[in-house]
Amino acid sequence: MSAGLPGLGLGGLFAVISALLAPLFELSRMRRGESSPDRWRQIWRQFFVAIAMVAVLNLTMLGALHLASALGLIATAPSGILAIPLAPVGITAGLLSVVLLGAKLAHGVREIVRALAARRASRSRGIGREPLPDSSQR
Amino acid sequence: MNRIDERLTVIVPAYNESESVGETVESLLQGTVRPSEVVVIDDCSTDGTREAAEAAGARVVVPPENTGSKAGAQTFALAGVSTEMVMAVDADTTLAPDAIETLLPALDDPAVAAACGFVLPKDVDSVWERGRYVEYLLSFGFFKRVQDTYGKPLIASGCFSVYRTAELRKAGGWSNRTMAEDMDLTWTLYARGCQVRFVPEAVSYPIEPHDLGFLSKQLRRWSHGFVQNVRLHWQPLLGLGYLRSVVAVGFWDAVIASLAYLILLPALAVLVDPLILFAYLIDAPVILVPVLWQAANRGEIGRALSSFPSFFVLRLVNGAFMLSALFREFVLRRPLLVYEKGH
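From first to last, the protein sequence lines are chains A and B. Take 1 as the starting number for the first sequence in the numbering used here and just add one per residue. Take 1 as the starting number for the second sequence in the numbering used here and just add one per residue.
Watch out, some of these pointers could steer you wrong.
[Said to hold, decoys possible] Here are the in silico distance ranges between beta carbons for each label pair:
#1 Val98(A) / Val317(B): 23 to 33 Å
#2 Ala121(A) / Asp98(B): 29 to 39 Å
#3 Leu59(A) / Asn2(B): 18 to 28 Å
[What the hints assert, rightly or not] Covered, in the sense of this in silico footprint (three residues per stretch, anywhere, with C-beta under 8 Å from a C-beta of chain B), are these stretches of chain A:
#4 18-29
#5 40-48
#6 74-86
#7 90-101
[What the hints assert, rightly or not] So, partial list: chain A residues that the calculated Cβ filter (under 7 Å) puts toward chain B:
#8 Gly9
#9 Leu10
#10 Gly11
#11 Phe14
#12 Ala15
#13 Ala52
#14 Met53
#15 His107
#16 Arg110
#17 Ala115
If you are wondering where the hints come from, they were derived from the structure by calculation, not from laboratory data. Remember, it's a predicted structure, so these values are computed and weren't measured experimentally. Just so it is clear, CB atoms sit at the ideal spot from N, CA and C, and this is done for glycine as well.
The following block holds chain A by itself, in its conformation from the complex:
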């Protein structure tokens, strides 16, 4: 089963970005001696699939814009080869960052709460163990 809905929602974007960044992470694993040729083969495979996904998205947009131009729906046809609109991509990437940072923030808050609770618990245990005042010393 999949979490969420498979497709190009945030989950799809996250998988594509993960695949594109995987070679960088593998370099750090390689420095620690935890990499292997088989892992690199897998990583490059995913990397090129992700590249192909981005390229197909761009080609689809390019085709759609040229079609719209030919039909007179938009004034001018795109002049370059890049057609992916940056604003929606930026908004989606921003949203993804918010979700990921939100989860990380929740982790941080939980760690702080746990640390405070542990400190409070150890303090109350410490108070319990404090020796009673010795009346002979008075």
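Place chain B on chain A using the hints.
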């Protein structure tokens, strides 16, 4: 002649599976590597499951009464397992001949407690099976491979996974506290510091729901299971780096994408412009890339292309069940508690 791996026991939970369990057992015994024993847990079936399993060569155990869930039947059998590794295979699932041989080496690393393989529908005929076929090509062929690169496959699928028996016992076996015992177990293993691996070369073929009735039972179980597991494991999940991100993003999509597909887009199509309905297919070309890549490796491009439209129908149905599960679990506080089989 196949080789017997004495370190492995396969357990097959079965309830009224007489039509498929024989083929499952045969595929387990006829692979290039076979387990020391195949144990079928006949969960008090009434259709001759026991006879079919025994005829195919399995040892059959029967609990004193119906355990009520797959998890219950599997944990009942786990008590009698004495081998180092135990594999769980569904009674409606057959394996590729080299599946066991390909999957087992993942457990050579002592840090790895579980490993799972690739899943593809055995039959690809109805719209639901075709949709599931494309969904699996995408999920197992791209998403899960990427998750494995980061050391955190989301889930060791219940229909075909192998476990280190000692770690499985320490984790308490399969629990029936959620409707997705495989996700529960996978996340429990991660929380205990164990590793889980995905081996795409090891392929299994479960029977997927062929009609909407069976599909509904399965999707209800899966969607409630996901929500229940997020609720149960959210605290340990927060400390699990990449898995935390996968679940957070998946949960976001489960809520927002489902709302967009089922409410926002139809509303905008009515109120603004019917062309907005094209948004349902906006990611089709991008999804097609990993699907065709995986299908090409299997020589199944024609099947993938002809099945592709079904994926978008299935995705809508998935969204409806996900929204329903979220509403029932979080708003109505009416969790799904009864395990209803539907493949």
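Now for the hints, and whether the structure bears them out:
Remark: the range hint 23 to 33 Å for valine 98(A) to valine 317(B) is upheld by a beta-carbon distance near 29 Å. Remark: the range hint 29 to 39 Å for alanine 121(A) to aspartate 98(B) is contradicted by a beta-carbon distance near 53 Å. As the Cβ distance of leucine 59(A) to asparagine 2(B) is approximately 48 Å, the hint placing it in 18 to 28 Å is violated. Figure legend: the region 18-29 of chain A, annotated as covered by chain B; annotation consistent (5 residues with Cβ-Cβ distances under 8 Å, at least 3 required).
Coverage of the region 40-48 of chain A by chain B holds in this model, with 4 residues showing a Cβ closer than 8 Å to a Cβ of that chain against a need of three. Here the region 74-86 of chain A counts 0 residues with a CB under 8 Å from a CB of chain B, which misses the bar of 3, and the coverage is violated. Counting residues of the region 90-101 of chain A whose CB lies closer than 8 Å to any CB of chain B gives 3, which reaches the minimum of 3, so the coverage claim holds. For glycine 9(A), the interface hint holds, the least distance from its beta-carbon to any beta-carbon of chain B being 4 Å, beneath 7 Å.
Given the 7 Å rule on beta carbons, the hint for leucine 10(A) holds: about 5 Å separates it from the nearest Cβ of chain B. Satisfaction of the interface hint for glycine 11(A) is found here, the shortest Cβ-Cβ separation to chain B being roughly 5 Å, below the 7 Å cut-off. The interface hint given for phenylalanine 14(A) is met, as the beta carbon of that residue sits about 5 Å from the closest beta carbon of chain B, less than 7 Å. A cut of 7 Å between beta carbons decides the hint on alanine 15(A): the least distance to chain B is about 5 Å, and the hint holds.
Because the smallest distance between the Cβ of alanine 52(A) and any Cβ of chain B comes to about 5 Å, under 7 Å, the interface hint for this residue holds. For the restraint placing methionine 53(A) at the interface with chain B, the shortest Cβ-Cβ distance is roughly 5 Å, inside the 7 Å limit, so the hint holds. Given hint, histidine 107(A) at the interface with chain B, holds; its Cβ is 4 Å from that chain's nearest Cβ, closer than 7 Å. The closest approach between the C-beta of arginine 110(A) and any C-beta of chain B is roughly 5 Å, which is under the 7 Å cut-off, so the hint is satisfied.
Given the 7 Å rule on beta carbons, the hint for alanine 115(A) is violated: about 13 Å separates it from the nearest Cβ of chain B.
Figure legend: structure checked against the earlier numbered hints; hints not met, in rising order: 2, 3, 6 and 17.
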